[in-house]
Structure formats: structure tokens, C-alpha cells
Amino acid sequence: MSLTRLKSTIKYTKKMQRKIEISVCQYRSNHRQWTAGKSKEKKVGKTMESVQSALVKFFGVVIRGQTYLNALYLLLAFPLGLFYFIFLVTGLSLGFATIIVWVGLLILALVFGAWYAFIAFERQMAISMLREEIPPMTRQDLTGKSLWQKFTATLTNSVTWKGLLYLLVKFPLGILSFVVLVTLLSVSASFIGLPFYYQYIHPSVDLTMNGVYYFNPVWLVDTLPEALLGSLVGILILLVSLHIFNGLAWVSGKFARVMLGNFSTAPAQPAVLEPVQALPALEETPEFAEAGPAPETGEEPPAEPKPLDHAI
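Our numbering numbers the first residue of the sequence shown as 1 and each following residue consecutively.
Do not rely on the hints blindly, as some may be mistaken.
As the list claims (entries may be wrong) - In silico BS3-like pairs for lysine-lysine, Cα to Cα no more than 30 Å straight-line: (1) Lys254 to Lys150; (2) Lys150 to Lys162; (3) Lys40 to Lys57; (4) Lys43 to Lys57.
Stated by the list, open to error - Beta-carbon label-pair distances, calculated as ranges: (5) Leu165 to Leu69: 21 to 27 Å; (6) Ser39 to Thr13: 36 to 42 Å; (7) Val187 to Trp102: 52 to 58 Å; (8) Thr35 to Ile235: 40 to 46 Å.
It should be emphasised that the hints constitute simulated quantities derived from the structure, not laboratory data. Ideal placement from N, C-alpha and C gives every residue a C-beta, glycine not left out.
Generate coordinates for the entire structure from the input sequences, incorporating the hints supplied.
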């Protein structure tokens, strides 16, 4: 009887051990699935956050005021660059041509002062409109200097000559910025305004030697749904254009920082403390030597106090 009970106990123990092993395997499998699901959720969450951030950056360009400051800066680059180019080329040519009759020196001096003022204006405009941190044009303290010292310091300043190159290069860069700005804005406006004038669009006309004939365009918008679709395309083109404007303005700001800032001068060194000299003795001072020793009054110096007697 006891042997039968022992066998049944062993059989029951093995059965329970098997159940425990199955439960542990199921727990491990469920834990792996739960961990994989959590990591998958984290990856999906990070992906959604990155997509949301990208969408906010893409569509948020419309409500950022810096975007329109950048566009205005690019729009002003063409007229300013044209003015700088004409003024500098004409002034320098006229000044060097008439330098033999001494009038050219005055013209060159005026042109020199004007182009330095233009450099300062461009630097300030890049700081205020593009929010670009540009170092000072000069790190020398010219306070209290003479006019000739200021002139030579300005003449030897690297920003003076880098700024001249910047003013001359601003003309072709201004043309590029103006063409890109006007072209993209015109294309965007033409697509966005399609619902208002699509009914008045006609096929293109080609003139030949034999007469006039019409040809079918690539996309002829003649219905309102197509016009609305074209308007959505125009909005996308406008958003992409604004990002292109910001990119051009960023490049312009970095170029202005390199050309209009002074990086050559190192910061001032800390002052070196001089060693403190020892004060002379009282007998060595001239005042003491002139006064001489203290006069004798005939009085005896006071006696030193005697120690107290504590004995009783």
C-alpha cells in the first residue's frame, strides 16, 4: 500500500512539475510578446513624433515671422546690390582716372568712406533681419585717436576689403535671389488663383509661316474641381518656396557673417598684477629726515610697571 501511494505521489509530482514548466514557458512567451509590443509601440511613437515634428516644421513656415523677414531681405538684395555695384565701379574708376589732377584723391576718399558705411549698414541689416550673430567690424579701441590713426586702422582692417568684395558680389547674388523669389511666388500665385480665372484660360497659340494654329496644352484646367486641385498644388509650391527662401537667407547670413565680421583679433589678455613694493621705514622717509629726531624735554621716560606682588 505504501509503495502504491509512493508511486502515485511521484506521478503526481511529475505531473505538477510538467504543469509548472508549461506555465513558465507560457509566461516567458507572453513576456517576450509584451516586450516586443512595448518596443514596437515606442518605435511607432517615436516615428509619429518625428513625422508630427516634420509636418509642424513644414506647414509652420507660414506663421513664422522670420520667414517674411528673410523674403524681404532677399527682395532688397537686388536693388541694393545694383546700387552698390554702380556706385563703387563708377566712383573707383573716376577716382583712379582723375588721381593725376589730385581730384581723384578726394573722390577716392569719399568712395572709401561710403563703402565703409555700406558695410556697416549691411552688417546691421543682417543682424536685425536674419538674426545672425556677426562679430564687430573692428576690435580696436579708436576712442581719442587722431583722424589719421583712425584712417590707417580702417585701411588695415580686413573687414574693409572683405566688405568691398561682399558689396560687389551682392549684385549677382541679388539677381539670383530676385529671380528665384519672383519666379516661385508668381508660379504659386498663378496656381492658387486658378478658381478665380480658370474660365478665361485659352489654349496656346503658335504662329507659323502658313498661319495660326492651336495646340493642346499639357494640362488645360476648364472645370472647378481641376481648378481647386490646381489651387492645392499652388499651396504646396508656396510652402516649398518659403523653405527655399529660408535656405537662401541662411546662406546669405552665413556669408555676411564671414565677410562682415572681424575674426582675426584675439581677445585682450588679462592684466598682470604687479608685485607690491614694501613700504619704507619711517626713518628712511624724507619727512622724517627733515624733521630730525624728537626734541629732548628733560623729562624722564615713564618707568615700566612693576609686577604685582600676590604674596600675602
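Q. Is 21 to 27 Å right for how far apart the beta carbons of Leu165 and Leu69 are?
A. Given a distance of about 25 Å, which is inside 21 to 27 Å, the answer is holds.
Q. Cβ-Cβ distance between Ser39 and Thr13: within 36 to 42 Å?
A. Hint holds: Cβ distance 39 Å, inside 36 to 42 Å.
Q. Regarding the pair Lys150 and Lys162, is the alpha-carbon distance no greater than 30 Å?
A. OK: Lys150 and Lys162 at ~18 Å, within 30 Å.
Q. So the hint says 40 to 46 Å: do the beta-carbon atoms of Thr35 and Ile235 match that?
A. Cβ of Thr35 to Cβ of Ile235: about 44 Å, so the range 40 to 46 Å holds.
**Q.** Cβ separation of Val187 and Trp102, checked against the hinted range 52 to 58 Å
**A.** holds, 55 Å
**Q.** Holds or violated: Lys254 to Lys150, with C-alpha atoms at most 30 Å apart
**A.** OK: Lys254 and Lys150 at ~28 Å, within 30 Å.
Q: Measure nothing beyond the straight line between the CA atoms of Lys40 and Lys57; if it is 30 Å or shorter, mark the hint as holding.
A: Holds, at roughly 25 Å.
(Q) Run the distance test for Lys43 versus Lys57: straight-line Cα separation, threshold 30 Å. (A) holds, 21 Å
Every hint from the earlier list agrees with this structure, and none is contradicted.
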